[in-house]
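Chemist: Sequence order for the protein chains is A and B.
So the first sequence is residues 2 to 365, counted in this note's numbering.
So the second sequence is residues 2 to 365, counted in this note's numbering.
Rather than coming from a laboratory, the hints here were simulated on the basis of the structure.
Where a beta carbon is used, it is the ideal one built from N, C-alpha and C, also for glycine.
Please note: incorrect hints may appear among the correct ones.
According to the in silico footprint, chain B covers these stretches of chain A (three or more CB under 8 Å from chain B) [stated by the list, open to error]:
(1) 109-121
(2) 260-271
Pairs of lysine-lysine, BS3-like flavour, derived with a Cα cap of 25 Å [to be verified]:
(3) A:Lys134 <-> A:Lys164
(4) B:Lys134 <-> B:Lys290
(5) B:Lys164 <-> B:Lys134
(6) A:Lys363 <-> A:Lys134
(7) B:Lys164 <-> A:Lys290
(8) A:Lys363 <-> B:Lys164
There are 2 protein chains.
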Amino acid sequence: MGDMATDMAANMTTSTPALVVDIPTLDRNIAKMAGWAKDNAIALRPHVKTHKTVEIARRQVQAGATGITIATLGEAETFAEAGFRDLFVAYPLWAGADKASRLAALCERARLRVGVDSVEGAALLGRAVRRGKLEVLVEVDCGHHRSGVAPSEAAAVADAAAKAGLSVIGVFTFPGHSYAPGNAAQAARDEAEALERATSALELSGHAATVRSGGSTPSAYHSVGGLVTELRPGVYVFNDRQQVVLETCTADDVSLWALATVVSAPCDERFVVDSGSKVLAADRPDWLKGYGLLPELGGAGITQLTEHHAVVRGVSRGVLRLGDRVRVVPNHVCSAVNLADELVAIAGDGTLETWAVRARGKNS
Amino acid sequence: MGDMATDMAANMTTSTPALVVDIPTLDRNIAKMAGWAKDNAIALRPHVKTHKTVEIARRQVQAGATGITIATLGEAETFAEAGFRDLFVAYPLWAGADKASRLAALCERARLRVGVDSVEGAALLGRAVRRGKLEVLVEVDCGHHRSGVAPSEAAAVADAAAKAGLSVIGVFTFPGHSYAPGNAAQAARDEAEALERATSALELSGHAATVRSGGSTPSAYHSVGGLVTELRPGVYVFNDRQQVVLETCTADDVSLWALATVVSAPCDERFVVDSGSKVLAADRPDWLKGYGLLPELGGAGITQLTEHHAVVRGVSRGVLRLGDRVRVVPNHVCSAVNLADELVAIAGDGTLETWAVRARGKNS
């Protein structure tokens, strides 16, 4: 985000609040991660839950991504419909009666991989799809303590998957504990260790773990090539306030912001802009104060966020006036994009495009 | 939510995660607030930003609501299209070039009131619409410290509005500081005092403040009739975990929950259900720990919430199993509904209806 972006924000006639993407910065972010992955001989399979947007996923594939990662069956269906044919649902998909037939149909349309982290889940997946039609990766926990079994238990899950007629191709983990100041490098080491231990466990049980998949935006550039064969970062295409605070990027690397209008200035202490939590989302980890960054205002931030009001304090009256249009960088861009039906994308020459957030709302 | 709801949750074949509404509880909540308002001779103008759903707004009007409150011009357009003709945008609407013509068009289709809290905002509204076509209420701050001028400054805004050709009909405030344990009654007193002071200020300047509008769900039943002529609560139709913790209601009064599936149980310590922050929203005030309530599990809650994973701790293994379907009450229901395209509504006889969240995404 540079001076040109600032000027454009002020001059855009788009109705506020709206989410705006700066295409040159977006493309630079995409190229940087793709270049790093290539240089380190790691496959890049970006997580498209961040943007849910076909136009951006296409740019990632053109830049060298080997496939895409998605979070839900509904997202996978949306991207399959848009022509994507190599999909990894990096989630312990539970193929109950509500999803089994959709999963089977999707397997016939695309090369599909899904996550699995239980014997029971593996058995259900096996019953849902034709033998050999579905690839699975066993999810292991590397320190985030969410889903994923301990690496030592990965073999039992792989055994169950193979028995159920699924093709076991490897292991994956999400180093989500990279999302805290100073944790990124250690999280990447934890990731590599967990993937290595799980791989050994699988190989001892006769499975070939050719895919060892990890990655998050904060930890990606710390990934241990050789041990990790595939990365699945998502946020890096846009970046956000979390990434700036984590020092994964600078404010200049942020390619998406909310365009907002100052609608109220009731006293000298505060201004209200119209990008509330229904635009920015209310995500705020314990290590982060406030709800959004206003880059043009010396880093002033949002101190109070409700559904349609974002309160900015600490800005003197002459700097901000009623009716001014400002840019607001959300704390967590995935959640902000998930609230929008479309993104307004600005090309380098100032041309505007509208990109539908096509997989928004595909939560199941 | 009773035993019947528990049974239904387990037996529903709806794909998870999904938002489910129990219609009998919804109707009971609507009737209770309508009855209280009627008994206290206060007009009820519910805030439909909570549900954004035509079917629910119709039930509120049938139960006696005098009109509806909305937050954005886009929401107002959606409800006007659905036949609602008495709309109050309780927000300091900034009628810039992006909104002026839409505002003018809406004024011709419905009786429209909007909020105003600045001289500049009043002038812009006046330029956008035909003289006498738009009613305004001056917003005052009663302690939430968001938008709204101090009551003593309300007259200056009213003067500007009248000068701009707008019909000044009263004052409004949002007692949002009712959203903290033990604050509701005091917030209602603050509301009444601010509205009274602002009314006096307007009357001294020759304006008739016939509408004195306040209300939030926590403070509504503490409202001071006589001083307050109109209430705008929203959440009460569904209730949520915040309201249960604030003791505005009990868990039995909650009419909406996320239906979720246990998708991962990687160790004895934790279970993962599929209602992440893209379903529940990440809203969490400082006075509330965790991200959602599982009523069937002795009040166990979500301790860790990411986009597609909700981690439940403190439940023993026999109680919850992989594949179980559970109900999760979100912290803040307005934000959860804002993430869904539709609600699955269960009638008293078990019949299912699908209600579109028609105004979802109408943020501008």
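Chemist: Now tell me if each hint is right for this structure.
Modeler: Hints and how they fare:
1. Taking a C-beta to C-beta cut-off of 8 Å, the region 109-121 of chain A contributes 3 residues in contact with chain B, enough for the three needed, and the coverage statement holds.
2. For the region 260-271 of chain A, the assignment as covered by chain B holds, since 8 residues bring a beta-carbon within under 8 Å of that chain's beta-carbons and 3 suffice.
3. At most 25 Å may separate the alpha-carbon atoms for a hinted pair to count; lysine 134 of chain A and lysine 164 of chain A meet this at roughly 14 Å.
4. Between lysine 134 of chain B and lysine 290 of chain B, the direct Cα distance comes to roughly 47 Å. Violation of the 25 Å bound is thereby established for this hinted pair.
5. Distance restraint check for lysine 164 of chain B and lysine 134 of chain B: the Cα-Cα separation of roughly 14 Å lies within the 25 Å cut-off, and the hinted pair is therefore satisfied.
6. Restraint check: the Cα-Cα separation between lysine 363 of chain A and lysine 134 of chain A comes to about 24 Å, which is no more than 25 Å; the hinted pair holds.
7. Under the criterion of a C-alpha separation no larger than 25 Å, the hint pairing lysine 164 of chain B with lysine 290 of chain A is inconsistent with the structure, at around 42 Å.
8. With a CA separation close to 49 Å, the supplied pair lysine 363 of chain A and lysine 164 of chain B exceeds the 25 Å bound.
Hints 4, 7 and 8, counting from the list given before, are not met by this structure.
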